[in-house]
Amino acid sequence: MNQRKAGVILSYTSIGINIISNFLYVPLLLKYLGQGEYGLYQLLGAFVSYAAIFDFGLSNAVTRHYCLYKARGETEKMQNMLFWARILFFIVDAVVLVVGVVVYFLLGDIYPKLSPEELAEGKMIFIVLIANVLITIPSYTNKAIVEAEEKFLFSKGLRVVSAILQPVLVIMLVMELPSALTVVVVQMAVNLLVVVTQFLYVKFKIKTKFKSHGFDRSLLKNLFAFSFFIFINTIINELNWQAGKTVLGIMEGTNLVATLSSGVYIASAFMQFSYNVSNVFYPQFSVLVAKGEAGDVTINAIFKKVGRIQCLVLGLVFTGFIVFGKEFVVLWAGQENIDAFYIAIILLSATFISNVENAGILVLQAKQQHKWRSLTIIFSIIGVCISVALVPKFGAIGCSVGTAFAYFFGYVIYLNIIYKKKAQLNIGGLFKSLLPIFLALVIVAFFGWFVNGLIQTEGWMYLLLKIIGYTVVYALVCWVLVMNDYEKNLIRKPFEKLFNKIKVRQKKV
Numbered sequence: 001m002n003q004r005k006a007g008v009i010l011s012y013t014s015i016g017i018n019i020i021s022n023f024l025y026v027p028l029l030l031k032y033l034g035q036g037e038y039g040l041y042q043l044l045g046a047f048v049s050y051a052a053i054f055d056f057g058l059s060n061a062v063t064r065h066y067c068l069y070k071a072r073g074e075t076e077k078m079q080n081m082l083f084w085a086r087i088l089f090f091i092v093d094a095v096v097l098v099v100g101v102v103v104y105f106l107l108g109d110i111y112p113k114l115s116p117e118e119l120a121e122g123k124m125i126f127i128v129l130i131a132n133v134l135i136t137i138p139s140y141t142n143k144a145i146v147e148a149e150e151k152f153l154f155s156k157g158l159r160v161v162s163a164i165l166q167p168v169l170v171i172m173l174v175m176e177l178p179s180a181l182t183v184v185v186v187q188m189a190v191n192l193l194v195v196v197t198q199f200l201y202v203k204f205k206i207k208t209k210f211k212s213h214g215f216d217r218s219l220l221k222n223l224f225a226f227s228f229f230i231f232i233n234t235i236i237n238e239l240n241w242q243a244g245k246t247v248l249g250i251m252e253g254t255n256l257v258a259t260l261s262s263g264v265y266i267a268s269a270f271m272q273f274s275y276n277v278s279n280v281f282y283p284q285f286s287v288l289v290a291k292g293e294a295g296d297v298t299i300n301a302i303f304k305k306v307g308r309i310q311c312l313v314l315g316l317v318f319t320g321f322i323v324f325g326k327e328f329v330v331l332w333a334g335q336e337n338i339d340a341f342y343i344a345i346i347l348l349s350a351t352f353i354s355n356v357e358n359a360g361i362l363v364l365q366a367k368q369q370h371k372w373r374s375l376t377i378i379f380s381i382i383g384v385c386i387s388v389a390l391v392p393k394f395g396a397i398g399c400s401v402g403t404a405f406a407y408f409f410g411y412v413i414y415l416n417i418i419y420k421k422k423a424q425l426n427i428g429g430l431f432k433s434l435l436p437i438f439l440a441l442v443i444v445a446f447f448g449w450f451v452n453g454l455i456q457t458e459g460w461m462y463l464l465l466k467i468i469g470y471t472v473v474y475a476l477v478c479w480v481l482v483m484n485d486y487e488k489n490l491i492r493k494p495f496e497k498l499f500n501k502i503k504v505r506q507k508k509v
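Those letters in the sequence shown? Residues 1 to 509, by this note's numbering.
No wet-lab data here; the hints were simulated from the structure.
These figures come from a predicted structure and were not determined experimentally.
Incorrect hints may appear among the rest.
[To be verified] Label-pair restraints from in silico Cβ distances:
hint	residue 1	residue 2	range
1	Gln335	Asp109	31 to 37 Å
2	Pro116	Pro436	25 to 31 Å
3	Leu331	Ile413	31 to 37 Å
[Unchecked claim] In the EDC-like style, the derived pairs of lysine to aspartate or glutamate whose C-alpha atoms are separated by at most 16 Å in a straight line are:
hint	residue 1	residue 2
4	Lys367	Asp296
5	Lys209	Glu76
6	Lys207	Asp296
7	Lys393	Glu487
8	Lys304	Glu487
9	Lys31	Glu252
The beta-carbon is built from N, C-alpha and C at its ideal position, and this holds for glycine as well.
Construct all of the structure, not just a fragment, from the sequences and the given hints.
Below, the structure is given as structure tokens:
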């Protein structure tokens with residue numbers, strides 16, 4: 001099995017582990033922390049996540065230039081680029097520290113709805129979260145190297161370990177020390193372990209050197225030229241997914257933040273399915289772009305294959321949530337957070353198509369056309385304004401409407417035009433290939449909704465059995481009516497290899 005296939009499998013594995021662990025993780029946090037404390041944790045976490053913009057898109061620029069220099073055999077340029085990139089990240093660290101100190105003393109003014117007790121704890125949480133950011137930023141070069149070298153077994157495997165370790169440690173300690181501060185301290189410890197592991201892997205396994213071969217003004221210019229628009233896109237993501245929590249925290253306090261966070265978590269987990277799978281193709285896209293029109297043919301073939309697979313997998317998740325989501329949310333987050341179901345439905349509906357086409361973003365980056373994606377910030381700003389206008393009347397649901405507006409008009413309508421015009425992607429061909437899948441989704445979802453309405457049950461066991469039944473029906477319909485030979489072989493071949501190994505062992509016995 002090659003690294004790319006292993007990366008896809010491990011991506012789905014880590015996502016699956018995250019989802020399963022959060023089935024236990026979120027409700028237990030709500031139980032031990034309470035609605036307000038959990039909301040405080042999400043509120044400060046959302047605010048500090050804005051520090052992600054201080055990557056300035058440089059990690060993507062490092063990955064791209066690393067791939068190009070390696071393909072050309074320009075070792076000295078690669079070493080020099082890594083050296084100066086690391087210097088830049090340490091400078092960014094210093095900027096984050098200064099901004100963090102300023103914000104620390106302004107937290108009370110930023111969140112006037114916080115009680116004195118919440119503010120005191122919030123400041124301690126903020127210190128830990130900022131420290132976590134300071135640890136993470138210098139590691140971006142190591143992460144970029146691992147991705148560029150396509151060491152997906154390591155990178156995705158490390159993510160799997162982190163996905164298991166973090167919730168287990170959090171729950172163990174929160175049961176003894178029930179506070180949001182406990183949660184962020186554990187998260188920082190696990191992140192430090194990941195950062196150190198990445199560093200050791202790059203140093204001793206990949207043996208990449210960070211070496212200065214002189215100051216190169218053109219190199220820095222190229223890095224910043226490429227990364228600037230990635231930086232803008234990072235701001236867009238933060239506006240879309242975190243600004244709502246900040247708006248609610250300022251206007252309404254922490255309780256509604258907990259409800260919004262539950263709905264956003266479901267939607268963000270949905271997005272991770274598409275991002276983690278398509279992300280493993282970025283190094284390949286970068287190489288294919290250099291081949292010109294010949295590369296475009298292969299890129300479109302990959303784009304279509306990945307899009308269909310994304311649609312098959314995400315379609316199951318999306319329609320399954322439509323059918324069983326309300327039951328799930330009540331069991332998972334409690335009746336007091338039932339609005340999380342409607343928030344998730346709004347966000348999933350608005351982001352479904354953009355998630356299916358997620359590989360297109362990577363093609364734009366590889367072709368250095370990602371500046372056009374940056375214009376979606378217009379829709380994101382409008383979305384935030386919509387959220388502010390709707391919060392007084394509709395609360396957390398109003399925030400989700402603003403985010404949905406930004407995604408649908410920015411990432412579906414506008415970006416599809418850009419994919420076609422600037423990235424030379426065959427959008428029409430993709431949608432034509434998706435039509436049978438869309439039809440199957442509608443049929444299975446309607447059938448599932450009708451049957452579920454006839455079955456009045458309560459509890460996790462009954463819900464799990466219904467979901468398994470729905471998954472089996474969906475899989476059978478897709479196998480018979482929708483999937484092509486390539487997609488069937490993705491499932492068939494691993495089982496054939498397994499059965500062949502069993503037969504060989506039996507013959508030896």
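Hints versus structure:
{"no.": "1", "hint": "Gln335 <-> Asp109: 31 to 37 Å", "in the structure": "35 Å, holds"}
{"no.": "2", "hint": "Pro116 <-> Pro436: 25 to 31 Å", "in the structure": "59 Å, violated"}
{"no.": "3", "hint": "Leu331 <-> Ile413: 31 to 37 Å", "in the structure": "36 Å, holds"}
{"no.": "4", "hint": "Lys367 <-> Asp296", "in the structure": "10 Å, holds"}
{"no.": "5", "hint": "Lys209 <-> Glu76", "in the structure": "9 Å, holds"}
{"no.": "6", "hint": "Lys207 <-> Asp296", "in the structure": "33 Å, violated"}
{"no.": "7", "hint": "Lys393 <-> Glu487", "in the structure": "46 Å, violated"}
{"no.": "8", "hint": "Lys304 <-> Glu487", "in the structure": "12 Å, holds"}
{"no.": "9", "hint": "Lys31 <-> Glu252", "in the structure": "22 Å, violated"}
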